[in-house]
Amino acid sequence: MIQIIHSSVKGRGRYKIKELYHSQSLKTFLERSLANYPEITYVSANVLTSNILVIFQPDISHRKIAYFIDRALSDYKDKVGFNHEIKSLAKLTKRNKLIAPKQEQKTNNWHLMTADNVLQSLNTSNISGLSSETATKNLNKYGKNLLSATVTRSEISMLIEQFKSLPVALLGVAAGISIFTGGVIDAVVILGVVGLNAAIGYVTESQSERIINSLKNRSEKTTWVIRDSNLQEIPTENVILGDILVLKPGSYIAADARIIAADNLSLDESALTGESVPVTKITTSLNGEDVPLADRINMIYKGTLVINGQGIAAVVATGKFTEMGKIQELVSEAKTTQTPLAKQLDQVGSQLVLIGMGLCGLVFGLGLLRGYNLLQILQSSISLAVAAVPEGLPTIATTTLALGIRDMRKNNVLVRSLNAVEALGSVQTICLDKTGTLTENKMSVVEIVTDSKHIQVTDGEFIAEEETINPYTYNELLKLIHVTVLCNESEVSKENDVDDYLVTGSATENALIYTAISAGVDVIALKEKYPLLQTNLRSENRNLMSTIHSTHNCHQMVAVKGNPAEVLQVCHRWLKNGQVVPLTAEDRQKMEIENDRLAGKALRVLGIAYSYIEEGDHSNNYESDLIWLGLVGMADPIRKGAKELIANFHQAGIDTVMITGDQTPTAYAIAKELELNRHTQLEILDSNNLNNLTPEALAALSDKVDVFARISPSNKLQIVQALQTSGKVVSMTGDGINDAPALKAAQVGVAMGKEGTDVAREVADIVLEDDRLETMMIAVSRGRTIYNNIRKSVHFLLATNLSEIMVMTTATAVGIGEPLNAIQLLWLNLVTDIFPGLSLAMEAPEPDVLNQPPRNPNEPIIKNTDFGRIVFESAAISVSTLAAYGYGIFKYGISPKASTLAFMTLTSGQLLHTISSRSEKHSIFSKEKLPSNPYLNTAVVGSFGIQLLALTVPQLRTLLKIAPLNMVDTAVIASGALLPLLVNEGSKKIN
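Residue numbers for the sequence shown follow our numbering, beginning at 135 and rising by one.
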């Protein structure tokens, strides 16, 4: 695969060739072969970088040079590389059988060749097809027509990923240290926390993965081809180079192929190219080297769908060599990006490692200076290291995100990974695919122009001059609707006389039928009233369609629709005010202006006309002297709520970028209707300009562009990566095969679950099960709330753990013994960390969560300004705990009784600190109260209950080495726990 990596300078290009790496023979071959082209003046290949520099005539395109390189590479593989392959194959045996390699399929510009040359090059025939012998030979030579399966996460990989975070690694180290020093019970409890964290994450992610995999569509298993001069139905995987495909409506294309014959053939290529309008196919060759994929109208591609007509095509690429196969290669090359929360938690974990090591060293040094026993001070240092690691941190983060996934599932949003929910909350730019995402990917009539009226069609209503009109009271409109029903190939039926119609046909013709139905026309009765006698389909040189129908008065009716200019040219009269009158030059000009106006709104415009002829008229000149009826403008409608969604994104401070394969005028019109621009003027960039930009220039420009038009799959990937390079957290939405590489590369890929393709769903982080884009705002809101709540939990954990460190360090430095032993520290962290921390993560969303701009992804989860507050809160808890411990020493000496006072005071103070951690600004003394949090009340009361069990259950008392308490001791503990809460909340009120 030839990759153009530098093309900004005319006459000078740099290309990457994977096969060039460490291949001196290929380097020599390429330099010699390319030097033979008169257009090329200099060639230099580098076997270390896999790059080749080519200097050539300035009027030659970079793509043409890439074609020369590709051809030389193919020659090398055929000639030079063959001997090397044979030598390698001699060493490869399996069950004593030689395994033959599958040859590469040559990439030719099939769209530039005539149909006859294509057949000749493939050694096939449009009449007899391939012979069975040749088909078998080609199948063995090139392999089956299969795409490499998209790598999905296995059960074991999902489980392993739960252990990859740094906080979890810290807990593992703490468990190892505990075992080394004889604290087996400590290690068991720590490892239990790690296992709980992994179980929650694994169960949640595996459930989402199974639901998303269940949405897969079943692809077509068989394909009709011509072989041995017979029509045969063969397994799709056995379609091979040179096969002649038989095309008919509803057929999925099994491989890339060149059209050989076509009769009114049109295809839906939106999944591959992003084009919303069906593409009419031709058989003639095209001109020009740089014909975009969407403009190769004599080619068909794997994964697309035949909408209308019929034809045959010769297969030119199968499997991984198809355009779909190339996109899957892009998917495999695209790298996933770590989410902001994962980075932040790793950063906090790194800080805790440094703090823990520093404190261990400090306490150990102080203990030696105090003359403590070496083993005793080592155990104290390790206890402090355990205290420095908040055991609840990974569990709280994992569980909170899992609860977010559960809430999303209730809204038909399937989240594949835990971090995707949080990442959506920090998204700064959302890239929106147009076709099938912002629009419904189906045509509908939106405007009709008759003799004197401009009629808007909205939700089945016909509105003219702000008034709803009844088509049956307006003869010109009703006549036009009748003609669009008659000049129409869609099949219309009803099942069991129910009211709903079943309409089967192309998107354009279906739209005309549905418009008639909404007008109250009985389309089945109308077709029966005017039986179809003859159909004259469009052709390459005639862009209109006509049908002839018998009538009840010995006349025949001609119904015509097509290109407005061509239809208008054969009209000499028109229906005006209920009368057929001559069509003047002024009238024609008026219709031409209206046609341009509708086209300027990116509508697909049809001209409608009719006439009557005498029964038995054999002149065959049916399409002349027609009566003009008017214009019909159709569009791929914007999804309901899409405009409001864009406004909500902007209000939330999120930039929106539309990416589409449509032409620039269509993209511009849709973007303008959606009010996509956040700047004073809508900025649009098409692929022609984009391809001439360096990656650096694209990164600088991407932040200023609202719409990218005429975009290919690789372009989408470029755009997402450019936005990421500029420092943005990017979300990509899409539904087609062409969206897959960008979906994978974005921090958050969002795919459609109902109408989307399997490829898009397999690589996306989030799947909208019902295709409702509005649910993304729910996800964004939930993501932001989750981050804020996790931030509150981390703040709480750091404050409480720092209080433990302050107590232990101060006591060691002063020389008043060890207030808490290792198992008490671990118990304290389990009781005061996990459940209270989780309750903080369940706080309700703040009312203005969607009125705030996205947070800076480089901003740490705990900012520098937060540390002063954390130290103050920790100091308040520590002073009260040391005071209680001092009272215990004064009354009982350095004993388990004094240690119990410190242990109970510190535990109670930390539990009450949960209340203070609910808000950075609002105090319990404020008039403005926070919303109630029943989870927090339950967690605090329940944790106090567990702590009381430690005092009352003898086995727990023995394990924790705590002593019974009297009423005075209880009063000291209560005062020591309540005082920090009052101090911390009072300082909020002062602030």
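Mixed in with the good hints, there may be bad ones.
[Stated by the list, open to error] Okay, derived cross-link-like pairs now, SDA-like style, lysine to any residue, Cα gap no bigger than 20 Å in a straight line:
1. 1031 <-> 957
2. 735 <-> 786
3. 806 <-> 775
4. 198 <-> 424
5. 926 <-> 806
6. 198 <-> 210
7. 661 <-> 612
8. 1122 <-> 1013
9. 1025 <-> 1098
Honestly, the hints are just simulated from the structure, not real lab data.
So, going through the hints one by one against the coordinates:
no.: 1; hint: 1031 <-> 957; in the structure: holds (16 Å)
no.: 2; hint: 735 <-> 786; in the structure: violated (29 Å)
no.: 3; hint: 806 <-> 775; in the structure: holds (15 Å)
no.: 4; hint: 198 <-> 424; in the structure: holds (8 Å)
no.: 5; hint: 926 <-> 806; in the structure: violated (41 Å)
no.: 6; hint: 198 <-> 210; in the structure: holds (18 Å)
no.: 7; hint: 661 <-> 612; in the structure: holds (15 Å)
no.: 8; hint: 1122 <-> 1013; in the structure: holds (19 Å)
no.: 9; hint: 1025 <-> 1098; in the structure: holds (14 Å)
Going down the numbered hints, you'll see the structure goes against 2, 5, while the others check out.
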